[in-house]
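Generate coordinates for the entire structure from the input sequences, incorporating the hints supplied.
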Amino acid sequence: MKYLIEIAVGPVQDFIASARKLRDLWFGSTLLSELSKCVAKSMQSQGCSLIFPAPANAADLEFCSELVVANKILAEYEGDDPRNVVNNAKKSWKDLLLQISEETLQAIDSNSRYRTMNVNVELFRAQIADFGEFFAAWVPVNQDDYGASRHEVEKMLAGRKNLREFYAPTWNGFGIPKNSLDGMRETVIRNEKACISGLLKRNEKLDAIGLVKRFWTMKNKRRVKKFDDLADIASASWFKRIESNSETQKLRKQFEALFEDGENFPKDAIYEESTNQDTWLEYGCNNTLQACETLRKLRRKDMAGAPQKYSCVLLGDGDNMGAAIDKIKTKDGFQNFTKELSLFADKVKNIVEENDGCLIYAGGDDVMAFVPMGTALKCADELRLAFAETMAPICKSQGITTLPTLSVGMAIVHHSEPLSNALDYARRAEKIAKNFDDKNALAISQNKRSGAPIVVSGKWEKQGDLPGLVERMQKMIAQYTSDSDDSTLPSRLGYQLREAYVEAGDKLEYKVNGGKLVPMNAQSALVQRIFLQKKNASEEMNQLLVGRTSIRKLSDELVVARQIAGVVSDV
Numbered sequence: 005m006k007y008l009i010e011i012a013v014g015p016v017q018d019f020i021a022s023a024r025k026l027r028d029l030w031f032g033s034t035l036l037s038e039l040s041k042c043v044a045k046s047m048q049s050q051g052c053s054l055i056f057p058a059p060a061n062a063a064d065l066e067f068c069s070e071l072v073v074a075n076k077i078l079a080e081y082e083g084d085d086p087r088n089v090v091n092n093a094k095k096s097w098k099d100l101l102l103q104i105s106e107e108t109l110q111a112i113d114s115n116s117r118y119r120t121m122n123v124n125v126e127l128f129r130a131q132i133a134d135f136g137e138f139f140a141a142w143v144p145v146n147q148d149d150y151g152a153s154r155h156e157v158e159k160m161l162a163g164r165k166n167l168r169e170f171y172a173p174t175w176n177g178f179g180i181p182k183n184s185l186d187g188m189r190e191t192v193i194r195n196e197k198a199c200i201s202g203l204l205k206r207n208e209k210l211d212a213i214g215l216v217k218r219f220w221t222m223k224n225k226r227r228v229k230k231f232d233d234l235a236d237i238a239s240a241s242w243f244k245r246i247e248s249n250s251e252t253q254k255l256r257k258q259f260e261a262l263f264e265d266g267e268n269f270p271k272d273a274i275y276e277e278s279t280n281q282d283t284w285l286e287y288g289c290n291n292t293l294q295a296c297e298t299l300r301k302l303r304r305k306d307m308a309g310a311p312q313k314y315s316c317v318l319l320g321d322g323d324n325m326g327a328a329i330d331k332i333k334t335k336d337g338f339q340n341f342t343k344e345l346s347l348f349a350d351k352v353k354n355i356v357e358e359n360d361g362c363l364i365y366a367g368g369d370d371v372m373a374f375v376p377m378g379t380a381l382k383c384a385d386e387l388r389l390a391f392a393e394t395m396a397p398i399c400k401s402q403g404i405t406t407l408p409t410l411s412v413g414m415a416i417v418h419h420s421e422p423l424s425n426a427l428d429y430a431r432r433a434e435k436i437a438k439n440f441d442d443k444n445a446l447a448i449s450q451n452k453r454s455g456a457p458i459v460v461s462g463k464w465e466k467q468g469d470l471p472g473l474v475e476r477m478q479k480m481i482a483q484y485t486s487d488s489d490d491s492t493l494p495s496r497l498g499y500q501l502r503e504a505y506v507e508a509g510d511k512l513e514y515k516v517n518g519g520k521l522v523p524m525n526a527q528s529a530l531v532q533r534i535f536l537q538k539k540n541a542s543e544e545m546n547q548l549l550v551g552r553t554s555i556r557k558l559s560d561e562l563v564v565a566r567q568i569a570g571v572v573s574d575v
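Residue 5 is where the sequence shown starts when you use the working numbering, and the numbers rise one by one after that.
Worth flagging that the hints you see were computed from the coordinates, not collected in a lab.
Be careful, since some hints might not be right.
Pairs of lysine-lysine, DSS-like flavour, derived with a Cα cap of 30 Å [claimed, not checked]: (1) 301 to 257; (2) 301 to 205; (3) 438 to 159; (4) 6 to 333; (5) 94 to 182; (6) 443 to 400; (7) 335 to 76.
If you anchor each label on the Cβ, the simulated ranges turn out as follows [unchecked claim]: (8) 428 to 518: 43 to 51 Å; (9) 158 to 515: 46 to 54 Å; (10) 556 to 126: 56 to 64 Å; (11) 61 to 285: 44 to 52 Å; (12) 197 to 107: 22 to 30 Å; (13) 169 to 197: 36 to 44 Å; (14) 182 to 291: 33 to 41 Å; (15) 511 to 207: 48 to 56 Å; (16) 169 to 556: 44 to 52 Å; (17) 511 to 61: 56 to 64 Å.
Keep in mind the model is a prediction, meaning the values are calculated, not measured.
The beta-carbon is built from N, C-alpha and C at its ideal position, and this holds for glycine as well.
Written out as structure tokens, the structure is:
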């Protein structure tokens with residue numbers, strides 16, 4: 005008899021969301037993917053035909069392969085009882101988690117700096133044994149309606165996940181402080197004063213899974229490529245400027261030599277707010293006075309200048325994916341659809357890295373990445389185009405007429421913003437993008453250290469006379485950074501328009517007559533007059549008003565574009 009088996013592993017919150025450093029976030033998603041991959045490999049070895057994921061070859065399911073697997077695995081199995089398949093997959097899943105946790109303890113024990121944490125090994129192992137979620141469901145395959153079978157197993161799995169199992173902890177946590185990341189489990193670090201440059205702050209508390217996310221990468225030399233913190237992303241353009249000059253390169257080497265980790269020193273050490281003795285000692289600096297003087301020289305305007313303090317969190321999610329999958333009626337159709345999603349994930353990695361970003365997760369139609377502000381718009385636009393290009397052929401072959409699209413939420417955040425806050429801002433922006441009719445939109449949330457957040461949003465494509473959001477923003481950025489006085493936008497234009505909005509109202513209405521823009525109400529005339537009063541007013545600036553209906557939205561876009569332009573002009 006044939007069955008559809010679906011397995012879900014987790015919890016996603018503990019694997020991904022509980023993070024202080026990018027390394028925590030990256031390895032949390034990587035660990036979840038590896039555990040899911042392990043389950044898929046076990047099922048395939050027992051004769052299952054995998055549907056989600058659909059690996060191209062056996063090597064794709066090997067540990068630490070490039071394939072990213074989501075936390076749900078769907079497979080077809082022909083046999084008597086799927087229970088044995090599920091039990092064996094669960095054992096493989098647990099064995100891998102135990103292996104990784106023991107390798108983490110070995111990494112800590114082999115390094116004298118790491119041993120200063122004085123890890124409570126007994127509590128560590130008890131928490132690992134208690135950690136993780138594994139849910140499974142299966143249904144007989146309806147050969148006449150494969151889609152109905154998939155819906156049925158989805159429903160069964162959702163019901164199983166809602167049957168919560170609660171067990172008392174096997175350890176006594178009385179009097180032990182909770183961990184710093186999410187406050188759910190007790191810390192396994194006994195020495196509160198332990199401080200490891202680039203890895204552990206003084207008084208930072210980590211539970212077992214937090215310790216795995218932070219230190220397993222040290223054992224296997226798998227670190228987030230180039231990036232550990234938001235400061236690494238924000239300062240990327242600054243380090244590029246340093247590399248363009250032999251004198252600044254020399255100063256950088258002098259600065260790096262003053263830190264225990266050399267070139268891997270914590271990058272937030274370059275910012276003025278971090279320029280104090282206690283912070284640098286915590287970062288492993290052995291001569292704070294010399295470091296301060298070297299950094300002062302680097303930050304001079306005639307050298308590298310001041311480093312950029314803001315970067316972007318980017319979240320992408322496919323639109324109308326459920327409706328598209330519902331149209332697929334065969335196992336081969338599901339497998340081919342999954343293969344195309346894996347192909348998109350490969351493209352995502354290249355696109356993010358080409359834009360100097362750090363990819364955290366790309367599984368199916370989900371994307372999480374951190375990107376420098378100067379390349380964020382380009383990166384987002386390339387991602388949605390790559391998604392459309394990838395999905396078009398498979399949708400056509402499966403008779404799917406409403407093509408899936410990609411909506412993206414981006415958050416501009418300060419390098420010292422807690423990672424949990426940065427992700428929340430990006431999720432809110434993504435939700436705004438998904439709330440558009442037919443979705444297929446971009447939303448950007450600007451979150452400065454002072455003042456309320458500013459959110460700009462819009463469709464990717466042109467709407468009537470109004471260009472798409474990326475095109476509008478890129479045009480503004482080009483005018484802010486132009487060398488020509490005739491086309492440069494005044495830096496305070498966005499704020500002046502906001503004042504006009506408060507005084508006169510929000511509605512804008514123009515029509516084009518003989519190639520000229522004609523205001524159709526008082527607010528529109530006021531805004532046009534603000535543009536034309538500028539010494540460097542130009543027809544190009546006037547064209548920013550075409551298709552506009554809101555003064556506030558225009559002013560917000562100008563304010564956000566102005567900040568991005570400041571980074572673009574630095575590169």
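Taking the earlier hints as the rules, which of them does this structure contradict?
Structure breaks no hint.
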